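A.B. asks: Note that the protein sequences, when read in sequence, are chains F and C. Using UniProt numbering, the first residue of the first sequence is number 1, and each one after it goes up by one. Using UniProt numbering, the first residue of the second sequence is number 1, and each one after it goes up by one.
These are calculated hints, taken from the structure and not from any lab test. Fair warning: this is a prediction, and the values are worked out from it, not measured in the lab. Do not rely on the hints blindly, as some may be mistaken.
What the hints assert, rightly or not - As a list, the in silico SDA-like pairs of lysine to any residue whose alpha-carbon atoms are at most 25 Å apart:
1) C:K545 <-> F:E306
2) F:K434 <-> C:R325
3) F:K545 <-> C:V359
4) F:K335 <-> C:V359
5) F:K335 <-> C:E48
6) C:K194 <-> C:I447
7) C:K335 <-> F:A362
8) C:K318 <-> C:G345
9) F:K545 <-> F:A503
10) F:K354 <-> F:V285
11) F:K545 <-> C:R113
12) F:K478 <-> C:K194
13) C:K434 <-> C:R66
14) F:K335 <-> C:D360
15) F:K354 <-> F:P375
16) C:K354 <-> F:S408
17) F:K335 <-> C:K194
18) F:K545 <-> C:I447
19) C:K354 <-> F:K545
20) C:K335 <-> F:I18
21) C:K268 <-> C:E120
22) F:K4 <-> F:E156
23) C:K354 <-> F:P479
24) C:K478 <-> F:P479
25) C:K545 <-> F:D46
2 protein chains.
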Amino acid sequence: MAGKERLIYLALGGAGEIGMNMYVYGYGPKDAERLILVDVGVTFPDMETTPGVDLIMADPAWVQARADRLEGIFITHAHEDHVGGLGMLWSRLGAPVYARRFTAAIAQNKMDRAGQPASEVRQVDAWPHMVEAGPFRVGFVPVSHSIPESSSLVIETPAGRILHSADFKTDPTPVVGDPFDADIFRAIGDQGVKVMTCDSTNVFSQHPGRSEATLTEPIRALMREAEGMVVATTFASNVARLRTLAEAGHAAGRQIVVLGRAMNTMLKTARATEVLDGFPPTVDVTEADSVPRSQLLVLATGSQGERRAASAQLASGKYMGLELRRGDTFLFSSKTIPGNEISVGRIMNALSEKGVRIVDDADGRYHVSGHANRPDLAVMQDLLRPSVIVPMHGEHRHLTTHAEYAESRGYVGVVAPNGAMLDLTGPVPKFAEKVETGRVYLDGTEIIGALDGVVRERIRMAIRGHVIVSILIDEGGKPIGGAWVETVGLPEVARLRDGLAGALEDDIGRELARARKADFDDDDAIEQIVARTVSRRCNDLIGKKPVCTVMISRLEA
Amino acid sequence: MAGKERLIYLALGGAGEIGMNMYVYGYGPKDAERLILVDVGVTFPDMETTPGVDLIMADPAWVQARADRLEGIFITHAHEDHVGGLGMLWSRLGAPVYARRFTAAIAQNKMDRAGQPASEVRQVDAWPHMVEAGPFRVGFVPVSHSIPESSSLVIETPAGRILHSADFKTDPTPVVGDPFDADIFRAIGDQGVKVMTCDSTNVFSQHPGRSEATLTEPIRALMREAEGMVVATTFASNVARLRTLAEAGHAAGRQIVVLGRAMNTMLKTARATEVLDGFPPTVDVTEADSVPRSQLLVLATGSQGERRAASAQLASGKYMGLELRRGDTFLFSSKTIPGNEISVGRIMNALSEKGVRIVDDADGRYHVSGHANRPDLAVMQDLLRPSVIVPMHGEHRHLTTHAEYAESRGYVGVVAPNGAMLDLTGPVPKFAEKVETGRVYLDGTEIIGALDGVVRERIRMAIRGHVIVSILIDEGGKPIGGAWVETVGLPEVARLRDGLAGALEDDIGRELARARKADFDDDDAIEQIVARTVSRRCNDLIGKKPVCTVMISRLEA
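The shape of chain F in the complex, shown without the other chains:
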């Protein structure tokens, strides 16, 4: 049966959005391939599409149904969009998890918190060490990013070598983690790379990316010149930036306070795993009282305007004993992710009302991206010289533009969004099959499907309001009294004598009085009459058609 084996690639998440990365590689006879999974990330909900949801993950159903063939789970780095879903989904996957030391510590923490066995996470050495996983041999190649130990994966298969770039930039001085080492990637290219699956985040950025180290001087100057307290915010997991900020504050004679759980966890883990040696000393927020404002630097979570994070709390009032005022400086050392502009603006305006000086990234001096810009993608392409480039880690337009860019430089570029399984066996990738993919939500403590209808019901209530009608039917099948209506999320309508609920009660009563006797034997029939009446009357009265729930109680003979 030799020659019937095939090598497949399948994105379950991450090739259609920036977030919730989850990629499958498989090798073996068709429908009996041995599999590995790369990354189990999350993405974040919003009120427009996912109100009340806590986290969003790629639906692992496809690999879950084939869990007996899953040889291992490889985590490229410790950002939430790559490791955040591991704890919640691992029980559906059940395979050993491989990661480098710091990443493994974060992954173990995720497993612990979800009640899963942390011992399933195995710490592995970096390239040239290789992990054996069925027909695959996988190596973690250090690459520069904004968190320590970020790794591209070399995935060796009987059908050829894949380089899975993961998140990267070509930064010679990334402040934390390994510098970009062109020689390593060139050497891998020299051995031959069949396919590069590649980060597309910054494909629209036309200029070469800047190094994290270029921020040192501007941020030092800001810390030195600021008169009062400085608060700086960035992603909790941007460990490189935390170091850049802390070192600049330290150099300016400031004591460093770290505010926010996620940031403290990240720093603690980074220190414990020795990827952050020499990080300046920090003081507890309770000691900040005794430090003059001009000698204080607060690193705070909440760069995206999250309502409960430290930045929002500091902007709106006193928090942990700290209060911002005129003369203080607030630095957004971060990019505002599309969709978060209003939340971030809310914080800026609150700070503006306090007279706090706001510094953001408008002139590009206080933030650099952790991802490869378009010219940096070219650098990677030319070091690896893959036969084929498959863009990942992007929305559809990123994938398309990335593939076009690869083609324009003489490579074969293939757009394979979530669910488009590629057969990489031959010299040119073939579309193998369309796999059903989707999203699952962490909602409170439950995992629910995106298409369960639960969130759709919530959105409908949020847009339309909710009318609840209670009807009581006696033993003889006749309604007792009238209908009782409660409205939630709808105007009272003062011009109506008994308000909206009263008007609806009258109308429903009238309609029920008109109904045939037989209708009262049938809950569905009553519900239909009531729902139709509510919809029509609400539309007449207030121009809205609310969600309607009918509760029918029957007295039993």
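On the provided structure of chain F, position chain C as indicated by the hints.
C.D. replies: Then chain C, alone, in the frame of chain F:
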């Protein structure tokens, strides 16, 4: 009593957000000032803070309570954030409305559609014509913007002259409307300006603004070189851009189709009021069939990603007989307003999936702003040489930065956000009093207050879900049967035998069985028991605390 008169300024909306502009000027004895209102605008809702709301307006309560002193309403130009609320709020104000010809036509349309008397809108000539309104004389000074007839207002009062900039840019070739005429503004400055209230929208933009006319060449080239159909979107009310786009398409030999109600209304009104002479001919969408794709330009509404607008419809499928495909070009000749990035991204990804070429403003060639950038503000300052500058039309951070900029150039800059009434009588403005301001919402056909709690209830249902409990109590005050529970927007929880609702019914039944007899005489007591049980059990079972509505039906003896 002479000398007791005062001149006041009060923003009710627009000085704290970009949108819902509404400014009051008053002159007379304290608390008996005669008033004028400038602009009655709207701003747009979002799912995060205002789900289900149709439009947002400044609460006119302060001026409504003093409507007997209101001498007139002046509309500076026909953009929604300046005129959009007129029809809905006019009945609360009841004063004559003044505007120039095209603006008046749009305003009359707003009145008509809200069932208000369009005849209350009076068409006035431009500066040097002046309207008398109590102690005020008001002139409409033509100024360049992105819509015809945009006007700064000269407001002459016994205490001195005010220049209310309204929205403006210093564009010598604005494509529609009057070019910026420095001489007029210099002449007004020569006569002496006490206070300039001034647009702050682009205070963070450091470079001089570009003229609308600079877009002509790039857009012509794009229309000429595009192979298939071109769809271009911009704000429906950006009449200047519509003209730039249509002329470029016409020059490239394309037939022009206009898709979307708002855009067609705007063009129709502009033509009828003769502010758009020479606009290229358009064809109806039903005729597009017979035009080769390469000779078609579609102007479409929905540049901000609005789900029901033409752009979204075209991106997702066939619309009005038109269907986009590979080889077509979609031009976003617009800026994405903060908060709309995800919606716009959704359209771009849908277009990307169709293989449509997407061109946006990333390199600045296809869009210019209609507002004065920072250096343009300096131009206006130095023409008018006001004693005092009061920033308006901005969020708090815009106002603050604008005031600081004015101060840095030797002017007195005063931040007066919504509700901060200024006394402008003396040489230096004084803070007069704090007025309660707020927002009202158009919700369906009702106007509701932002603090009514209606929208808060909807948001709570959207985040937490809704549990409804029906309980039936007999004539003797004892519960009949158990509780009946319906859940809306909550997971079913398959691991529970009877689902979440079943588990709650069991628990509520148990708690009610334990309740004292006296509790059953008291609906509030029952409600408390039930709500507490629902909250606690849901938190245990699914990690959420839903909104709970309890319906108690009592059989009467």
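A.B. asks: Each hint should be assessed against the structure and marked as holding or not.
C.D. replies: Now the hints, each set against the structure:
1. A hinted pair counts as satisfied when its Cα atoms are at most 25 Å apart, and C:K545 with F:E306 qualifies at roughly 21 Å.
2. Of the pairs offered as hints, the one joining F:K434 and C:R325 holds, with about 22 Å between alpha carbons and a cut-off of 25 Å not exceeded.
3. Pair hint F:K545 plus C:V359 does not hold up; C-alpha atoms about 38 Å apart against a cutoff of 25 Å.
4. Taken as a hint, the F:K335 and C:V359 pair is honoured in the structure, with Cα atoms around 23 Å apart against an allowance of 25 Å.
5. Among the hinted pairs, F:K335 with C:E48 is consistent with the structure: their alpha-carbon atoms are about 21 Å apart, no more than 25 Å.
6. A hinted pair counts as satisfied when its Cα atoms are at most 25 Å apart, and C:K194 with C:I447 does not qualify at roughly 37 Å.
7. A distance of roughly 16 Å separates the Cα atoms of C:K335 and F:A362; the hinted pair therefore holds under the 25 Å criterion.
8. Using a Cα cut-off of 25 Å, the hinted pair C:K318 and C:G345 holds, with the two alpha carbons roughly 19 Å apart.
9. Pair hint F:K545 plus F:A503 holds up; C-alpha atoms about 15 Å apart against a cutoff of 25 Å.
10. Straight-line distance between C-alpha atoms of F:K354 and F:V285 comes to about 21 Å, which keeps the hinted pair within the 25 Å bound.
11. At roughly 21 Å between alpha-carbon atoms, F:K545 and C:R113 fall within 25 Å of each other, so this suggested pair holds.
12. With a C-alpha separation of about 76 Å, the suggested pairing of F:K478 with C:K194 is violated against the 25 Å cut-off.
13. With a CA separation close to 16 Å, the supplied pair C:K434 and C:R66 stays within the 25 Å bound.
14. About 20 Å separates the Cα atoms of F:K335 and C:D360, which keeps this hinted pair within 25 Å; it holds.
15. For the hint pairing F:K354 with F:P375, the CA-to-CA distance comes to about 42 Å; that exceeds 25 Å, so the pair is violated.
16. A hinted pair counts as satisfied when its Cα atoms are at most 25 Å apart, and C:K354 with F:S408 qualifies at roughly 20 Å.
17. Taking the CA atoms of F:K335 and C:K194, the gap is about 41 Å. The hint is violated against a cut of 25 Å.
18. Between F:K545 and C:I447 the CA atoms are separated by roughly 16 Å; this keeps the pair inside 25 Å, and the hint holds.
19. Restraint check: the Cα-Cα separation between C:K354 and F:K545 comes to about 34 Å, which exceeds 25 Å; the hinted pair is violated.
20. Taking the CA atoms of C:K335 and F:I18, the gap is near 22 Å; set against the 25 Å cutoff, the hint holds.
21. With a C-alpha separation of about 22 Å, the suggested pair C:K268 and C:E120 falls inside the 25 Å cut-off, and the hint holds.
22. Simply put, F:K4 and F:E156 have alpha-carbon atoms about 18 Å apart, close enough for the 25 Å limit, and the pair holds.
23. Pair hint C:K354 plus F:P479 does not hold up; C-alpha atoms about 56 Å apart against a cutoff of 25 Å.
24. Between C:K478 and F:P479, the direct Cα distance comes to roughly 20 Å. Compliance with the 25 Å bound is thereby established for this hinted pair.
25. At most 25 Å may separate the alpha-carbon atoms for a hinted pair to count; C:K545 and F:D46 meet this at roughly 19 Å.
Violation of the numbered hints given earlier is confined to hints 3, 6, 12, 15, 17, 19, 23; the remaining hints are satisfied by the structure.
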